[in-house]
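K.L.:
Each chain, letter by letter, is given below.
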Amino acid sequence: MTITESAPIVPRFDEQGSGRKLAIICSKGTLDMAYPGLILANAALGEGIETHLFFTFWGFEIINKKTMADLKFTLLGNPATHLPQGLGGLPWMTSMATAKLKKSIADLGVPEVPEFLEQIVASGGHLWACRMSADLNHLTKADLYDEVEDIISAADFIDKTDGAQLLFI
Amino acid sequence: MPVTTLADRQIHVNDEGFLTDPAEWDEELAATLASQIGITLTEAHWNILRFLRQDYASQGQTPTLRRVATVGGVPIKELFALFPQKPAKKMAYIAGLPKPQGCV
Chain A
3 MTITESAPIV
13 PRFDEQGSGR
23 KLAIICSKGT
33 LDMAYPGLIL
43 ANAALGEGIE
53 THLFFTFWGF
63 EIINKKTMAD
73 LKFTLLGNPA
83 THLPQGLGGL
93 PWMTSMATAK
103 LKKSIADLGV
113 PEVPEFLEQI
123 VASGGHLWAC
133 RMSADLNHLT
143 KADLYDEVED
153 IISAADFIDK
163 TDGAQLLFI
Chain B
4 MPVTTLADRQ
14 IHVNDEGFLT
24 DPAEWDEELA
34 ATLASQIGIT
44 LTEAHWNILR
54 FLRQDYASQG
64 QTPTLRRVAT
74 VGGVPIKELF
84 ALFPQKPAKK
94 MAYIAGLPKP
104 QGCV
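Going line by line, the protein sequences match chains A and B.
Its first residue numbered 3, the first sequence is counted upward by one per residue in this note's numbering.
Its first residue numbered 4, the second sequence is counted upward by one per residue in this note's numbering.
Isolated chain B (complex conformation) (with noise of 0.2 Å):
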């Protein structure tokens, strides 16, 4: 499992670069991925990653971009707008967690 540095501390990462322990991440390691991605994190964003840790933790399983859309009450449009492209993974890869299993 690779070690990489990021925001002067070392995480856990696996191949591709997502945090390998959640338990790892604060809201200050979250700006530095975001800045790696070429994202500015704004209040918007936030909270649409405040909403993918809680759920982690309740859920045991990343959110979809769907459950983000249903439960989470951001509409899909507002999610590819502030992540764009591959919200679903650049969503998780910000907030610290492993790419969503989900099809849907």
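Pulled out of the complex, with its shape left as it was, chain A reads as follows (with noise of 0.2 Å):
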């Protein structure tokens, strides 16, 4: 059925999701759990959603620059590739399983971790580091990614994520 509307319908854009806030908390160092992270904090971006993440514990290999690039992906521990798990403990493994995913997330068009980090930052996204992971591994601002914009405690994100909807990865 055909409805004929008078007023022109024009989509909202600017009323949808204004002054709403994302923090998210990336602690893990994986190849397959860095990336829930960015592509949330993208997706938001592109929404018009001021969007800081937060890198703890792990979740700094995505941010140091000596791992970012090299984040690996491992099938121990992880059931849901529903192979058996003594495989995973081969030498080799590990590294053929992440030149698998990696070329996976890479012919979906999908931006390697560094290059993600980068379209994040020129969206408009803040990168924070966490000052007890970067004390942890006696790591300080030069050792991290260029666009990370300081190293902050977990009071001081708090305090700048106030009203956030929070994500913890």
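Just so you know, these hints were derived from the structure itself, not from any lab.
Mixed in with the good hints, there may be bad ones.
In silico contact screen, one side only, chain A against chain B (beta carbon under 7 Å); selected entries [as the list claims (entries may be wrong)]: (1) Pro10; (2) Ile11; (3) Pro13; (4) Phe15; (5) Ile41; (6) Glu49; (7) Ala124; (8) Ser125.
C-beta atoms are modelled at their ideal positions from N, C-alpha and C, and glycine is treated no differently.
Combine the two chains into a complex, taking the hints into account.
P.N.:
Structural data, given as structure tokens:
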């Protein structure tokens, strides 16, 4: 059935999500656990939502210049691969699984981690590093991806994300 | 499927207002669609809209922001500047295309 409207139907882009804020805590350092946070951050930014990412504990791998391009994926401890766990312990299995996952991600047109962070920053996203994780690993801002705004305490992050919706990954 | 009147013609749209038939689109309509969401089209906007139309015609789906950046060659920052807040949806709307389906 066709309904004819007199007033033009126009999307209300600027009314939706205005003032919304999202905080994502990235605490994992494996390839498969880095992407959910990055994908959600990117999606939120595309919807005009102010987005902050806080990298803590193993999540530091994502912003550490030495490791960010070299995150790995393992079958071990991940029954969702439906492969025998013993297989995951073989010496070459982690690199093989990583290469395979990286290829699948690239085939979807999704960038590698460093380039993804670049896109998030270009979209207006904020990257923060956890003070305690930096101290634990004896890392300074120079060791981290250049666009990380600062190394801050957990309390500072909570303060900065006042009123935000929060995701812990 | 609602029908709405814009630029003195009837167009088929979905509930949000996105065109459902890309063939009903032309450049005159684009200017009207843009003004409906507060955007005045410049040559920089047109370059992107033309890329969207051409990419949709060849790929059968609306390009994501990332595709407009990597294949269309327009930096992400510029997309956010030209189509503020929600660039992917605003570009698709003005280009008379469905919202992009891809996540990235």
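K.L.:
Each hint needs a verdict: does it hold in this structure or not?
P.N.:
Structure-based check of each hint:
1. Pro10: Cβ of Pro10(A) sits 5 Å from chain B, so the hint holds.
2. Ile11: holds, 4 Å
3. Pro13: holds, 5 Å
4. Phe15: Interface hint status for Phe15(A): holds (5 Å vs cutoff 7 Å).
5. Ile41: Holds: closest Cβ of chain B sits about 6 Å from Ile41(A), inside 7 Å.
6. Glu49: Holds - the Cβ of Glu49(A) comes within 7 Å of chain B, reaching about 6 Å at its closest.
7. Ala124: holds, 4 Å
8. Ser125: holds, 6 Å
In terms of the numbered hints stated before, the structure departs from none.
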